[in-house]
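Participant: Each chain, written out:
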Amino acid sequence: MAEKEIAPGARVQLAVVEEVLNLCRANSLWPMTFGLACCAIEMMAAGASRFDLDRFGAGVFRPSPRQSDLMIVAGTISKKMAPIIVTLWEQMPAPKWCIAMGNCAISGGPFEYDGQYAIVPGTDLILPVDVYVPGCPPRPEGLIQGFLALEDLITKGEKRNVLRRFKRKIVKGR
Amino acid sequence: MSLEDLKEKLSKVVEPGDMVPRDYEKDGCLLEIKARADQVEAVAKAAREADCFLESITAVDFTNGPQIIYQFNSCTIVSRVLVRVQLSRGESVVSIGSIYDAALWYEREVFELFGIRFDNHPDLRRLLLPEDADFYPLLKDYGKVHAFRSTEEIYGE
Amino acid sequence: MAAWQNLVNFLGPDLARIVVGVVGVLALVQVNALFLVWLERKVAAHIQLRIGPKEVGPFGILQSIVDGIKLVGKELITPRHADRKLFMLAPIAVFLPVLVSFVVIPFSERLLIRDMNVGVLLIFAFSTFNVLAVLVGGWASNNKYSLLGAVRAVAQNVAYEIPLLLAVLSVVMWSNSLQMSEIVASQSKVWHVFSMPVATLIFLICATAETNRAPFDIPEAESELVAGFHTEYSGMRFALFFLAEYSNMLIVSAVATTLFFGGWKSPPFLGFLPVPGLIWFFAKTYALIFVTIWVRWTFPRLRFDQLMNFCWKIMIPAALLHLVVYAGIIKIVR
Amino acid sequence: MGMIKDIVEGGWSLIAGMWVTIRRIYRPVVTVQYPRECLDMSPAYRGHIEFEQFPETGSHNCVACGTCMRFCPTNVIKVQGEKTHTHSEKRASLYFIDFSHCSLCGLCVVNCPTQTLKFSGEYELAHYSRWDGVIDLIQRLEESA
Amino acid sequence: MNSLTTYLFLAALLFSLGIFGVFQRRSLIGMLIAIELMLNGASINFMAFNRFLAPDPIVGQIYTLFIMGIAAAEAAIALSIIVAVFRRLGSINIERAQELRG
Amino acid sequence: MANEFLEPITEQTFYLNMGPQHPSTHGVLRLFLKLDGEYIVEADPVIGYGHRGHEKMAESHLYEQFLPNSSRMDYLAGLIFNHGYVAAIEKMAGIEVPPRAEYIRVICAELNRISSHLLWFGTYVMDLGGFTPFLYSFDDRENILDILDRVSGSRLTYSYCRFGGVARDVDDEFITATHQFVERLRSRWDDYHNLVTKNVIFIHRAKDVGVINRELALRFGCTGPILRAAGVPYDVRKAEPYSVYSELDFEIPTGTKGDALDRYLVRVQEMEQSLHIIEQALERLPDGAIKAAVPHKVRPPRGDYYFAVESARGAVGFYIVSDGTSYPYRLKARVPSYGNLQVLTEVLPGTLVADTISILGSIDIVVPEVDR
Amino acid sequence: MNSVQSLIQPQVLAQIGFAGIVALTLTGALIAVFPRNILYNILGLIVCLTGVAGIFVYLGSPFIALMELLIYVGAICISIIFAIMLSRPLHLSLPKRRLPKVGLALGVGAAVFIMLSAIISRTEWQPAATRSSDWSVATLGAYLLTRYDLVFEVISLVLLVAILGAIIISGYARRSPS
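So the sequence lines, in the order shown, correspond to chains B, A, U, H, P, E and F. Per the working numbering, residue 1 is the first one in the first sequence, and the count goes up by one each step. Per the working numbering, residue 1001 is the first one in the second sequence, and the count goes up by one each step. Per the working numbering, residue 2001 is the first one in the third sequence, and the count goes up by one each step. Per the working numbering, residue 3001 is the first one in the fourth sequence, and the count goes up by one each step. Per the working numbering, residue 4001 is the first one in the fifth sequence, and the count goes up by one each step. Per the working numbering, residue 5001 is the first one in the sixth sequence, and the count goes up by one each step. Per the working numbering, residue 6001 is the first one in the seventh sequence, and the count goes up by one each step.
Calculated from the structure, these hints are not laboratory results. Just so it is clear, the structure is predicted and the values come from calculations on it, not from any experiment. One thing to keep in mind: the hints can contain errors.
Claimed, not checked - Far from chain H, some chain B residues (derived; all Cβ distances over 10 angstroms):
#, residue
1, V20
2, W30
3, K79
4, A82
5, P83
6, V86
7, P93
8, Y117
Stated by the list, open to error - Residues from chain U shown here face chain E by an in silico Cβ test under 7 angstroms; the list is partial:
#, residue
9, Q2048
10, K2144
11, L2302
From the three backbone atoms N, C-alpha and C, an ideal C-beta is built for every residue, glycine too.
Same shape as in the complex, but just chain B (with noise of 0.2 angstroms):
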């Protein structure tokens, strides 16, 4: 019904309205300090100078849920802590996203075998997972092409991300 009574015009526009904060949001994306085991490291490392997430606008990771886009879930998730990852997710404002990094977070990885008792197998069962990147633990590049990942997904593909500028994979000797 509502539907209807938009003009043509008017929904064209809110296309594009929509489409310029699609491109923001995937240009800003700000991850919650949150770790849960080894995978957190990696993370802080991506965010370390080596690495430095900061360049795609990712780097500043807030402590509240409330003012993050993005939740990384690095690690194993234990039973114990399922409920506060869900308490978490839900204190986000949406839009959300969330990235399982790690086979832990993934699928709980080596961690899952019979008579396990303590872990939660897999972020998906508690959380809608919107870029899997897997690993034992991930190379920071991989989280970074997770985070790529994850900006094509929220821009629609990532010739509309027209903000990115550049070419993948000039290989650099260390």
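Since chain B is already given, all that's left is putting chains A, U, H, P, E and F on it; use the hints.
Facilitator: Chains A, U, H, P, E and F in isolation, oriented as in the chain B frame:
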């Protein structure tokens, strides 16, 4: 504090026959004490007087009941003492939390993983698992394990 | 004299000037905040051997705009147990002092909105509202971290306002006026930073504390209080707090420039350069801001009681002593 | 007097600290701008496993013996083999790993009797589905060939 | 509007609101707030007389300044008493404070 | 988790729930604090948010299969845990390790110790509000990770030590890179000291804060830098020398008072000692095999064994009960942070909230190590 | 057109502004006494004081207006809020209101107001014969240090004593319970 001193203190508490010297080069500990559940407190006191600290408390589940293992060591000369307490199922043991504060958490952990109760423990709550967990995961009848043996099968008595 | 004339005397004959000025100040504040956020991230990054924002626009210059638009597009959450009215009011109230303070700051010889004869007083009278907004915001959030942050903010601001005012008082005594333009004029020979370095130092330290910048950022200390008084704020409301923080930095630096660094005057030895006063003013202001940023990314944070001790045991006695000594000097010189 | 000394010393320590940070502004940054440039991977880097391509056969040597499967602590590997006419021995026809369970212990690589398994240098694995971590090694080998 | 009586009425209104507040509140801080209102009513009076009647327009201002000084002193004392009472009794209710007697 | 509160029980004290998601609880520790104003009346650390059941896992895994887990318990000093586990099994099964492998293990373990201490250094100063030293230390840490990455193929969870030796031989490039790193880190001390150690704000935040004296430390079974800062020169590397530590010359830095500043200084001096150890070990690095011949599945004889090593946080011990099969009957890891964390219940009361951060940071816990 | 022009004349604007400020003052005062939540009261007081400062501007004394903000809002109100935060958890239930008491207070307040307004409206106010027109801050300062210096000193002394007293009282309170 030498090991001799500790031995002397311990000999007042346990029978000499229950003190078995161990091969440090091979096992990493110097002395093993087989104690009964009611001797634990006295042994801990003796260890504390000998200036030892509590390295860990753990338990192993056997078919003939769980066994608690206390481990004391001194920070001056290596004198690791292993105290074994064989319990029967459902038996409880006295807490040594009043002697070693470190024991409070170790005992909580043993309680929640093996279901062994510690008498006089001020705060025997779940430590690692959620507060509402109702299972004892490290018992051998929980989940998939490869063997469930009796004490004799391993220590060969 | 009719009442309306009193008002006109206070606000100046040209009402349009004030309206235009306030609009101009609003624009300046926005642009400045966006620029400062970018500057801070860039400077911090280079201090830390990083690059900082880079991929969004050339040199990442669009980064803060993108951040701003994103924050506008976020959901506004009001916590269930929060006091709704006050919770919404606080981020708006935090802007009141920002707007008022710029009215009296002389950007250059001609470019100032209103040269009141009580200009200095106006700035410090309205700076209180900033604290008030922080307090109301922290209280209304109904979160313990917020409340702790708010209480800390109030205690800190009240304490540091005393040496701040005392430091300003010696400037006022020297230039014999509360009028900003007179104060600038009194520095035509020697800037106050050279004639009263201690007061300058006290002013800068206290001003850093008043704006809750590191190492005095305990009201929003990340590692202790999560995000301090704005823990519960999201989206646009958080952006307003953020904006106000950077605007306050600008105000404080602008006031310091005016009071101690000769305002829009060129440095004595560079007087021959044909550079307009406005450029000098902003150059000095941004140099001061750079120092604040530099300090922030260098030092650890003080503890709360150390902060208060520092104020009561060092800053206030020093400021008082300075005031007395300078009163004597002025008496002798004049 | 002691207090003044403290203040001066404290102030001096602050200035020393600021000197350390300001010097860094002029140093070159250490950032490797990852999507624009990459570090070369260490030769020992352990990504997920993949098949070695042997020059003699132009393919892998997996005989589907299942050792890797048995040694894997988390049952990551599923391998099936069949006898074909060209080879006298059994050869793997299906080889899947679910990388999202892998702990990179390398027991499969160490214990592989034909040494056809190796670690890949792959680290860009982010994707949008949980099951994208399942990798078909045979297909991967064919694609790379 | 621009006459002395306007200001005087305003001041009277503030003053009586202050009186109402003092009588109505039970908490010490509420009473303190009401007292501040009354003091402000007085200040307005001073300023208004100063503006319309006084021979020298400085005197009223000085008195207003003095009122502020007194108010500050009064607030400091009152607040410290409130804090002390609270720590003693766990409440700032005026009726509980009667227990302090004896 | 900032928003889950209990109602205040009295009007003067209230509860503050710090964590499990809090910027300075280093992962998933939760501190349940009872506050009076900003003073702490009672502190109760709640752990278990990172519990992954390593010990249960060991019972259903082969000795080899459990190997990667050892470096996931304490991911900051993973190689040292790895070393401890492998050495324990070697001792049980009577496997002789070639000397070259032992030296490589020691070099890598000490590098790992430095990387762990560097990370602690950074996060501690970050907890106190200084963000920049954190990134400087991470920058140096990246250099160590590069070196370890070259030989082990992983940045964090190395699994580099294998039964009977190490997974991969080191080359000349590794040796030169390590030498360069030693030089580089030594040249960085000046900056670190000017930026942090001598900083008046830092000293005020750390001095006389969270005093853990000898008595308290022993009561709670604290080991590592905490015990050493209290003046007890207890280091497993000296007390029960394992691997080739008996051949190397190094000192045990100790403190006097046991406050946060002492712990800080002890760790900084330990990094210096580790550099010293690395230099000696590189000099003596013998040629030869890097791995002894080991069966595919080790089967240690029946009995129980204990083996301790010194990790970056204190004494790590593996207590293993073997029933003669290739699966451990029971494996218990004695982790240092367990006691080190428990001491908070005694140290925190009476301090300020801001001190909590300082104390917690100076104790240097790794929560998944505590929880296992 | 004419009416629009007349609207933007300073006189008219000033009158509109005056009405606004009076409204602000009264609203603030009402908020300061009526709501039961003490924080609302104090915020109402702040609004009221801001209005009073505006009135002072209309009365020709911006200096006093700014001092009002600086001292009343910046010092007194903030310290009242601080005392609230120190002395009382804010989220306890609101105090109950007793009708008879409110009625009594209302009666007393109304009586006072009626009495005062009767006095105000009955009195003939006579301006002084000669009136100085010097409003400057400098003169004010000069007066403070010459003719009124004794009062000035006494006020300073009162303030000092008050501060000392406050410190002693609250310091005593801090020690006594423990």
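Participant: Now look at each hint and say whether the structure bears it out.
Facilitator: Status of the hints after comparison with the structure:
no., hint, in the structure
1, V20, "holds (23 angstroms)"
2, W30, "holds (19 angstroms)"
3, K79, "holds (19 angstroms)"
4, A82, "holds (17 angstroms)"
5, P83, "holds (21 angstroms)"
6, V86, "holds (18 angstroms)"
7, P93, "holds (23 angstroms)"
8, Y117, "holds (16 angstroms)"
9, Q2048, "holds (4 angstroms)"
10, K2144, "holds (6 angstroms)"
11, L2302, "holds (6 angstroms)"
No hint from the list above goes unmet by this structure.
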